[in-house]
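J.: Given next are the chains, with one letter for each unit.
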Amino acid sequence: MIPELHLPWMELSILITLFGALWIRTIHDRDKAYRSCLLICGLVFVTSVCEWIDFESLHAFEARDHFHLFELFFNQDIFIVDELSAPLLPLAALLYLLTVLSTLKTKGPRFSFSSTLLSESILLATLSSRESWVIISLLSVATLLPYLEIKANKQSTRVYVLHMGLFVALLVIGGVLSSFGEAGDSISLIAGAFLTTAALLRSGIIPLHCWMTDLFEKATFGTALLFVTPMTGAYAVVRLVFPIAPDWALQGIALVSLTTAVYAACMTLVQREARRFFCYLFLSHSSLVLVGLEMATPLGLTGGLCVWISVGISLAGFALTFRSIEARIGRISLVKYHGLYEHTPTLAALFLVTGLASIGFPGTVGFIGTELLIEGAIEVYPLVGTAVVIAAALNSIAILQAYFRVFTGARHTSSISLRARTSEHVAILILVALILGGGLYPQPGVTSRHHAATELIRLRGAVLHEPTAAIDAQAGVSKTPKAEPPL
Amino acid sequence: MNTEAVFHFLGVCVVVSPTLLLALFGVTSLIDRPIGERLMAYATQTMVMIGLFAAIAILALMLSLDIRYVPIELGNWVVIPEQHFHFHLKFIFDRLSIPFCILSFVLCGTIGAFASRYLHREPGYNRFFVCYAIFLLGMIVSSLAGTIETLFFGWELVGLSSALLVAFFHERLNPVRNGLRVWSIYRIADAAFLIAALMLHHLTGAGDFDGLMGTGSWPDGHATISEQHALFVGLLLLIAAAGKSALVPFSGWLPRAMEGPTPSSAIFYGSLSVHLGAYLLLRVSPILELSLTLRLAVIFLGLISALFGSLVARVQTDIKSALAFASLTQVGIIVVEIGCGLRYIALIHIIGHACLRTLQLLRAPSLLHDYHTLENAIGSHLSQKLSFWVRFMPKGYRIRLYRFELERGYLDALIDLLILRPFLALFRLCDRLERRWTNLLSGGESRESDLIKPHAETLEEYL
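Protein sequences appear in the order of chains A and P. So for the first sequence, my numbering puts the first residue at 1; every next one is plus one. So for the second sequence, my numbering puts the first residue at 1; every next one is plus one.
Simulated from the structure, these hints should not be mistaken for lab results. Check before you lean on any hint, since a few could be wrong.
Capping the alpha-carbon separation at 20 Å, the derived lysine to any residue pairs in SDA-like fashion look like this [claimed, not checked]:
no.	chain 1	residue 1	chain 2	residue 2
1	A	336	P	448
2	A	336	P	451
3	A	336	P	441
4	A	336	P	169
5	A	336	P	447
6	A	336	P	431
7	A	154	P	424
8	A	154	P	450
9	A	32	A	16
10	A	154	P	445
11	A	151	P	443
12	A	154	P	440
13	A	151	P	440
14	A	151	P	448
15	A	154	P	169
16	A	336	P	428
17	A	154	P	451
18	A	151	P	441
19	A	336	P	173
20	A	154	P	448
21	A	151	P	447
22	A	151	P	445
23	A	154	P	441
24	A	336	P	450
As the structure is a computational prediction, the values presented were derived from the model and not from experiment.
In isolation and in its complexed conformation, chain P is listed as follows (with noise of 0.2 Å):
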């Protein structure tokens, strides 16, 4: 067996083994016979370990043979050569995705096993693991993606199970509401990437990265595109990168996104999840460099969301939220240094942030007996010192301050303000001219829908 075969084998393990679970998971749900929950787990269990051995041989021999690029090829899933139009398998492993996807089998393997216990006999256990399924296969495909269409077919599959996770608890208000406000920010910026990805098809005549990226694999790739298209492009993708990390202005969904179980939000938004969008910038980093403006543009967004991050984390009342806006902090940091061009300090610092950020998250129910152990063992109340800022800014401006991050910066409000409510308001107008246009047409009331009431849920209630 040559080594190109046995590259192969070992990059079709890799895929394969989250397809296998997710179909077992997914065929088991819809014919309604789900399987036990030691089963699920195990069923898990094997699979990460499959992907994750696959992808840790593929790295040794790489290191070992000394190569940097290892394309697996699966063909055309669609093809229509009159229009050149092309859906190509392809996967990559290189400097930027063997990291990644190994950092997603060990976080998604870590989790499978908190979950089998901290869910144990929870009504949705079979739902949450049928999201775990989709959301493991959705960054396995997404990191190893080997052309853009590839890569918005593991990005959309994050996003689907991401917004159900949220909704998880699904029985209450809250987390339903937050589970679709996060699926709408997703969308937005699947709108954005999917404009993007049929740009660059167009510019560049495919969506293999490689074609794009021009010679040389990541991060020495070369984009041939003209710097105003770079720009274009670019801007589609840093929104695309801006709804998925939750950089400004699309931060609102990442508290509302902790509703969620802990495992959940753990590994999707402390950790992969979140991570996503600066994945995205890492691999069109050579569409970054062709133009200062997006490099600019890249940093500031950086910035901003580091800065909001750090302010708004500070006066958060429940640790999850604190941690969700620590995380945003250091992924605006991430962007920074992606917008600098220091790719590698980018792809460490975010290996090391999802590492930290799950273990913490994780320990975050636990939190107020850590603390009550900690202040017994030194037999006082763990001190709390007053800000740096505290001496130097008025106390009007601080609690203005206080105001602004307590309300996470009114962003969620402005949207609200600015979009939906006139949005809606439009519509519902709409609505009503089209009631009043059918009234005249009919020569009375024409909906019998605005009469019905809503479901009585018990008797007393239809009484």
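Isolated chain A, as found in the complex (with noise of 0.2 Å):
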């Protein structure tokens, strides 16, 4: 019987996010729905945070929602909660607060609340899942937003509606194939070939990433920001193709991945243009968080799942600098030095910050998630893994490059005052916080996510070797006693 949380956290959070976007829709004063997004947002991370005390109050893998609201309607649990997934909820709403929170009012004739927030229901909804069919629903029906928005704007679709096109359809034949194939089948590995192949062009792994420069070409960067940044693709990864892939092909992926990873660090340093320079950082970063994924091995689990969440928080902070930057002086071009320091040096301390977290630099959140990370790469492939230590090295280069780049080297003139705006400095300071306070006392996430990666392998040995071990493990029968609370 898998336990439950002791009210519908979840089922709130999606139900506050769907209606506050229709409610959203009517108000037509921009001020009057920034101030009312703000509020939904906020309110959603409270219910999000709650869900997260509350699972860890159970002491257990997984539990599902109090009071079955979606039960009624779709006769079975929708949204079970469990190790992987509870810290991703709170960071998804911590995500869409600060983007909408740092949204000047320059931003807001073209970003909409509105979709903002019914993207944030299907974000949440999709991370609270587990089913198969839903997932690949939810993903589905979350590429239309970015669509909308890129026609809107009067841009070609044609790039992204043919990957997303590519990605819908492989992962609905992954998931009719896998429905009728048995575990260790030939079926079962064709329908997670496509499986893997949809998640992998989620992702971005080269050849298959110029959707995601495109998206950022051409959707708002808050927009672009949302819709890759929660990783949803590695999610995908974790729940579609993990508990049914071999050993070879897991780790035959996480090959493809390293050199996404390096092949992208090496692009962030010819860049010419601040929001492909993110993009391409962002992907070489995910790119690791698929390494440490697929490594299938405890130590590189924990990693990937660690440098997961510090990323996310990380490259979050590092694109909203850049979005507020933008909101200042417009698309910023990378081949001049901007001279902005003396102007926002806040804005400056929190890009390095943030930047060197993604990294992994001492002190920084990333710091631990990286070191396990490259222990584990190494431990697999003692050689091939020393790939993301240089994935890494340069990726450290094309920040300070970048920092250099806007802050300094010129000294800029302006009427106006460039200061950061009060909403920009609280979510400066909500992501410093836990930038430097998971750094310095890392102990609580990294058990959390070691006791995370130990069942997911659990759970995985246990449907690929013993069928009716797996019924049990979907039951939520856990064998392995939890070493300790986390967090």
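From these two lone chains plus the hints, build me the complex, please.
T.: This is the structure in structure tokens:
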């Protein structure tokens, strides 16, 4: 029997965002819409944090919502939180809250608050579900919102449509085939191949990554950021591919991800514009997360899950800094030095802190995760694993290069104040507190991720090697005692 | 209170004092409430003094009690028992770490006092002291690290602060470019260090220097890994040390680092930071003992660097660059000493050289004034004797050698030509191919960002 949360936190979060999106659609005053959206995002963040605390108090691997509101419509438990998704829900809610909080009035006309809340509800629903078909449906629906925005901006949607069309088709074919196959048989393997390709396409693995750079070119920075940063592609890998793929397939995918990580890191160094730069930087980091996830070893998987959280926090902050600067001076060319430090010292500090956190600089949230990831990689591939170190080194050079280009190298003259606004300051301080707090006191986070990793590996072993045990495992009969309550 | 508790208390004081300094400067800067110059100088002075006196007290206690090795265990920062993964926070006070730690405190304290006056009312005063605090913490953590992961932690802090300080005058282009160059070299060195650290972790099952170096405190430890492993790991550590200490072929960053303010040039690139690579080699010297090939590589690199530094220093036209290459010469000799197994001599050499070079670099801004005073005192210009070699070397060779020295051995040019340009050309080609691909898929121009003009700073420029 799966334990229950004390309140239906997940369903509440999803319903609040859904109804919030409908309500904001009726508001025509931009300021009022902004305030309402902020309120709703704040509320959702609180409920998702409560869900996490509630879940941790249960000391279980997984739990379901209390009132089963959605069970009335779907006749089964749709939303189940487990150790993998429990911290991802507040992380996603935080990302939306900070994005809305740091949205300046100048961005108002192009950035739709209603669509943002709708995409948040889809994301929260995706992260709250474990059923293959629910995940496939939600991942497919989520691709519509950026499409509508690009179309509304009167830009070419062909690159995006071709890639996302392929993504949805692969997901659906993989989903259909997997429902016919048994664990380990050839149909299941083919289904796994389709689902893997779909998940890798969504994660932007080369050579299927061009949709991501195109999205950053054509959609608003906020929308592109919210579409890629939660790493739903990695989530799809863990939920759809990880349980059924054999070790050799996972390690093969890890090598492809590693190649992407190094390639994207190299590409960051030749970018001429900030959005594309961020896109490649993110691609490199998200590929490193995939490398960890596909190691299928406790150490590598723990590293991958830790880096997932740290990259989520740090690169979100990094992108929000870029977005704040863009709101002041327009699209940022990296060809020239802008010298903005004197005008925006706080944004400069945040840029550096978030950038360094993403590469796993000591004392930041990414340090231990990166160490675990590298150790896991070297454990499996002693020589190839060093590519993780090379990717991290190249990313760090790219980050400082971008810092110098944006904030130094010239004396910027401006007739208006470019300093960070109070709302931006609040967003900045929240992120810095998380980055440094998680960096200085990493043990609870690492314990939690390690426990999640071992459970995922145990469930995978049950599915691949003992089909009967898999039924127990899916039903939530956990034999592994929990080491200690994380966080 | 027993002796162990006293050692523990003093050891914690040594590490916590620079940490508190960084916390104070860092937090006030992040919340955009920087503290005043006087308070910053006072805080720096207090924290350095606390750390210094605690380190001296430990040294005095160790000498009086005839103890040669004091470990300060702060427990596991992170541990995953099932995977045998632990990040152990341990600091050690031994005959290598204590002199280096005291040297760091003395020189940083001197520079802190000097910089508080030298940078008075400079717009970047606060920024300088934030970087200074990061550097101090990095140096102390590196000096006292009892595990290779802790050493890496401090090593990274030193690297970041150094790069940011080179780019201190950041409204000008050259310091910024040089800062990036320094950072790039450091990151290559860091990557080598990290791989070596993880390899050692795998080979010995722990990152603890006790485990790595076998029994016995420094310098009597004996490593327990095989010769082949020692050679592989040792070469990686040699690359790390070469990057940090600007040994050949990474020497190009050293004169570039002199773009920073004089106090930072003096302490970081002239005295402490530049010796950190040599310190690393000293710390892992039991590994060097295992492989003759490795020792020969260390000696060779040291000799080449010393020769290179000595030649290039002679033709520099500014005093800071001349001192930078003179430092390189000495660091090269120190590395040779380490390769030859003369560990105490290398340690004494580091301390003496760091103190001398700090003094020279701090006097550098008033060099011309000193020269004039000297010439006024003797009543004529100082004599300039021709080198001994001039008599033997044909003029053609002399001119070639002069050009080689003036171009600093073409090291930077070679790195640009052989590594940087092909790398950038390859990935720019990839970028162009990606553009063609997205253009093909879009059925037209797909990159809006290509049309972005650099931001116009003034109305005139905009118009």
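J.: State for each hint whether it applies.
T.: Each hint tested on the structure:
no.: 1; hint: 336(A) with 448(P); verdict: holds, 17 Å
no.: 2; hint: 336(A) with 451(P); verdict: holds, 14 Å
no.: 3; hint: 336(A) with 441(P); verdict: violated, 30 Å
no.: 4; hint: 336(A) with 169(P); verdict: holds, 17 Å
no.: 5; hint: 336(A) with 447(P); verdict: holds, 19 Å
no.: 6; hint: 336(A) with 431(P); verdict: holds, 19 Å
no.: 7; hint: 154(A) with 424(P); verdict: violated, 34 Å
no.: 8; hint: 154(A) with 450(P); verdict: holds, 18 Å
no.: 9; hint: 32(A) with 16(A); verdict: holds, 17 Å
no.: 10; hint: 154(A) with 445(P); verdict: holds, 14 Å
no.: 11; hint: 151(A) with 443(P); verdict: holds, 15 Å
no.: 12; hint: 154(A) with 440(P); verdict: holds, 18 Å
no.: 13; hint: 151(A) with 440(P); verdict: holds, 19 Å
no.: 14; hint: 151(A) with 448(P); verdict: holds, 15 Å
no.: 15; hint: 154(A) with 169(P); verdict: violated, 44 Å
no.: 16; hint: 336(A) with 428(P); verdict: holds, 17 Å
no.: 17; hint: 154(A) with 451(P); verdict: holds, 17 Å
no.: 18; hint: 151(A) with 441(P); verdict: holds, 16 Å
no.: 19; hint: 336(A) with 173(P); verdict: holds, 11 Å
no.: 20; hint: 154(A) with 448(P); verdict: holds, 13 Å
no.: 21; hint: 151(A) with 447(P); verdict: holds, 16 Å
no.: 22; hint: 151(A) with 445(P); verdict: holds, 16 Å
no.: 23; hint: 154(A) with 441(P); verdict: holds, 16 Å
no.: 24; hint: 336(A) with 450(P); verdict: holds, 14 Å
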